Amino acid sequence: MNSRSRFISRILLILYMGAMAWAALSIDWKHALSTNLFDLIDSDQHLPESVREAQTILQQSLSKEINLIAIPSDAAQLPALKSTFLSQVRAMPCIAEATCTGDMPTQGKWMADLFKRKHLILLPDWWDMVSGGTPTPLSDDELRRIADEAAAALDAFLQTPESTAYEAHVDSDPLLLIPALLRDLSGTSPNDSGMPRVEISAQLKDAPSSSDAVQSILRDIGLLRDSLSEAFPGVELLDNGFHRYASESESLIRAEIPRLNFWTVALTLILAFLFLRKPLILLPILSVLVMSAGGAFMITLLLLGQIHVISLVIGSILVGIAVDYAFHILLKREELQTLSFAETLSRIRVPLLTSCISTVFGFLVLLTNPVTAIQQVGWLVGIGLILALSLSAITAMAMDRPGIVRISRRLGLQPPLRHFRWDVPIACILGLACAALFFLRSVERDDIQDLQIPLTQAPLNEQRIRSLSGQLSTRSHHWITIGASITEMVDRQHALFSGIPATDGARSLGLSSLLPSSESVKRFEGFLQHSGTTFIRHFDSALDQRGYDPNAFESFHAEWNALLSQTGGIPSREELYQGMVASLPYPLTHLANTSGDRFWGMTLLQLPADHTPLEPDGNSFELAPLKTFNEALASYRKQVTFSVLTAALVVAVASFIVFGFKTGFRITGMPFLAVTFALGILALIHPVHSLFHLVGALLGACITLDYAAFVAQATDRTPPISIRISALTTLASFSVLATSRIPAVADLGLTVVTIVAMGWMLAEYHKLPSK
Amino acid sequence: MRLFFLLPLLLIQTLTNVAGTTPASSEVLRLLNTETRPQSMLIPFEEIRVHRIRKEPLRFAGVMRIHPKLGISVAYTQPEETTFILTSGGLRIRPAGKPDQVAPEEAGRLVQVFLDLLTLNASILSEQFTLQEAMEPSGWTLTLVPSDPALLRYFETIRIQGTQDWLKTITIDHGKGRSKQMVFRSMPLDWDATPEEIESFF
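Protein sequences appear in the order of chains E and R.
No gaps in the numbering here: position 139 of the first sequence is 139 in the working numbering, and each next residue is one more.
No gaps in the numbering here: position 184 of the second sequence is 184 in the working numbering, and each next residue is one more.
Some hints here could point you the wrong way.
[Stated by the list, open to error] List of simulated lysine-lysine pairs, BS3-like, C-alpha gap at most 25 Å:
| no. | chain 1 | residue 1 | chain 2 | residue 2 |
| --- | --- | --- | --- | --- |
| 1 | E | 118 | R | 176 |
| 2 | E | 638 | E | 627 |
| 3 | E | 118 | E | 522 |
| 4 | R | 176 | E | 116 |
| 5 | R | 55 | R | 176 |
| 6 | E | 662 | E | 767 |
It is worth saying that the hints were derived from the structure and are not from the lab.
All figures in this text were calculated on a predicted structure; none of them were measured in a lab.
Sequences are here, hints too, so could you generate the full structure?
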């Protein structure tokens with residue numbers, strides 16, 4: 001017994017615990033865990049650079065959007081409820097801005113500019129509408145018809161009681177440009193379901209990207225609900241936004257982590273009770289697991305600053321793999337406790353190297369993966385395994401009374417089987433057949449939503465809110481359009497959305513709903529030049545016939561004449577547009593924005609649910625986080641496939657060089673066969689493959705490579721007891737993952753289980769006596 | 001007939017609201033205030049809108065309903081059916097066959113200002129209006145002139161004419177050749193409101 005090495009080991013354990021305590025105090029626990037799905041993946045890579053910033057800004061902003069709906073018990077309460085509700089929402093600590101749906105945005109310079117320059121801005125689109133957008137000059141009869149219809153529209157408008165709202169302005173706007181604009185804009189609002197309610201669109205001060213932020217929002221909404229109920233008994237408050245999804249997702253995942261860890265530990269303990277004669281040996285094993293898992297978590301947090309809860313779920317596999325090292329070292333505890341510290345390090349160098357080359361190497365390869373969640377798993381498990389190996393050795397050395405760990409006889413069972421003839425060629429043919437089956441049957445599917453437990457409450461809540469707004473038959477899409485100027489951006493928006501027939505039930509709200517295209521402006525200027533004077537004469541005549549005094553519209557005539565003669569201090573359109581855009585208030589701020597020397601604008605497009613999706617045209621892109629994430633995942637899968645195949649080739653070549661042809665062939669052949677067999681089986685039972693199956697295949701291959709290296713180097717034909725323990729614990733932990741409610745985690749677990757099972761069978765077969 | 005029944009209508013029709021009244025010492029006001037008021041009532045009305053762009057005025061007609069608890073409902077029947085509902089909470093507009101539209105926040109605030117005026121509170125009235133009244137054998141005239149420049153944006157004067165305790169016309173002069181006149185040709189009727197009517201008009 002070497003008391004010096006025991007002393008050093010104990011000191012090291014104390015230092016380790018102290019370091020972990022220091023780390024625990026240094027970590028910002030409030031922001032340690034992320035629940036934001038957007039944090040899981042960098043989806044910008046495949047988008048043009050000009051769009052990335054716009055997408056990032058808009059995505060962050062949209063995740064701050066929150067909808068609040070108050071439904072009074074009595075419709076007569078609506079006006080009072082509206083006022084109280086809006087003022088209370090604005091007073092919420094988490095809210096930056098709020099406005100009632102349907103109300104005009106805050107008036108200001110942009111509205112003043114729009115009103116002052118209504119003819120310059122709105123007449124081109126008006127002319128397109130009444131003339132059918134024809135570029136050729138119209139006949140005198142056509143001009144007369146249009147003029148008569150315009151006068152009739154004015155007369156009909158003034159016959160409505162509510163026209164009193166605009167009465168003071170009709171002499172300067174007899175073509176009713178502003179009322180028509182307001183009607184068009186309100187057309188993009190949801191259809192009304194008939195339920196009396198007040199709807200508020202608000203923007204949060206901070207995106208609900210952390211658990212703390214989500215809880216704070218929910219707390220504020222709870223207080224708002226209490227306050228409204230007090231003022232308006234029976235009122236119902238509904239809320240929807242990213243926070244609802246984040247909250248439910250987080251609570252489901254938080255429940256998933258202990259469940260997975262519990263079953264992993266429980267199955268490991270059961271295995272230990274079954275196969276170890278002295279179950280008390282489990283105490284140091286559990287200590288090693290707790291120290292290594294806790295250490296890996298804190299070191300990863302110190303390195304990365306934040307871990308997504310999904311990474312923690314996948315990281316549960318650490319426990320299942322790390323227990324192998326603890327078993328391995330503690331089985332040699334008696335021997336280790338007689339060695340010096342240096343000798344011990346020398347003794348564990350072989351398993352350390354083996355692990356680093358295979359399992360740890362496999363996890364470290366994940367660090368090159370573009371998917372943030374997988375990178376985090378790489379750090380977490382890679383660090384955890386190194387810690388588990390080191391702590392197992394140190395714990396074994398630090399223990400007092402050396403004892404012999406006895407293995408159950410059940411583990412040494414020798415199956416009554418022997419190698420059969422032509423096994424290698426048959427295995428190769430079977431492997432190729434399985435690979436062919438996989439490629440023929442399996443389909444590709446990458447879905448970011450596989451990374452979370454399917455939600456139930458949040459989608460139901462959204463469904464209810466959408467049904468209240470009459471939105472069930474439509475879907476909202478956010479599009480980003482880029483341009484060197486506002487004019488160019490608006491032209492591109494017009495070009496993109498002009499492809500949707502008006503009869504399709506599609507509606508759009510963007511700057512192009514307000515500003516005309518350059519083509520429209522050209523057509524209108526052509527009309528002005530050719531028929532402007534004639535038209536206004538016909539219009540005056542039509543007004544006169546309908547009982548109006550044309551001379552009373554002098555301000556309209558003055559503006560028309562200014563447009564005709566291009567006088568009267570008319571600013572350039574681009575200058576006017578930029579001035580208006582700069583003063584747009586919330587929630588119109590996203591209609592135009594700048595990114596470097598370019599402009600970008602968002603268009604809200606409402607399409608019927610069964611409408612054909614709109615295709616990007618190179619200047620406009622849909623902001624569809626799920627779609628973008630899925631495309632990114634698919635592209636990453638191709639990159640990762642290439643990396644994995646390259647790494648496999650490198651490992652194979654290295655095995656041939658290090659171990660020679662015969663042993664190298666066995667070492668590389670076993671994982672290859674295990675993977676192909678497993679893929680064949682998966683093609684039959686679960687014919688879908690995604691990035692997470694690929695990651696599972698990589699991990700399974702690394703673990704199988706471990707087994708192959710062990711059995712291929714041994715010359716005896718005794719049963720591979722250590723592989724049996726390792727395989728059982730690994731299968732136990734990954735089987736637990738295969739039951740996860742997170743589809744991606746379940747896919748990963750199932751893939752690893754299948755490959756490790758195949759690898760174990762091959763390792764067992766290799767140890768069978770020859771015929 | 002009560003002044004407070006009619007002022008909301010004026011307010012609605014100017015789209016912004018506001019009304020003026022008189023100091024409580026006004027003879028006319030006292031006359032109106034002392035009348036015995038029925039619980040609920042309805043009264044047909046005509047509205048004449050004059051605009052300098054039109055050679056002839058536009059004419060509207062409808063029925064005003066007053067409920068002491070719910071507020072005032074102004075239901076236009078000609079030339080289109082549209083109901084304006086004014087309650088202590090603000091203003092709602094109900095076009096025929098369509099859901100209610102709640103007036104914007106700013107309008108709601110103005111409605112509240114107006115409802116304060118319905119109390120005929122002398123201090124509030126004297127802050128925002130000056131009163132001119134004339135009593136003649138044929139009837140009386142009460143003219144409200146806004147003293148608040150913000151109110152002058154919407155109208156220059158409100159002139160209320162009547163005989164005894166019966167109010168016959170209200171004329172709002174918006175200026176620039178634009179005015180509205182409400183004409184009440186008959187006395188208010190007691191209204192025994194049914195639940196269906198309340199649902200329809202409030």
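| query | Which of the stated hints cannot be reconciled with the structure, identified by number in ascending sequence? | reply | none
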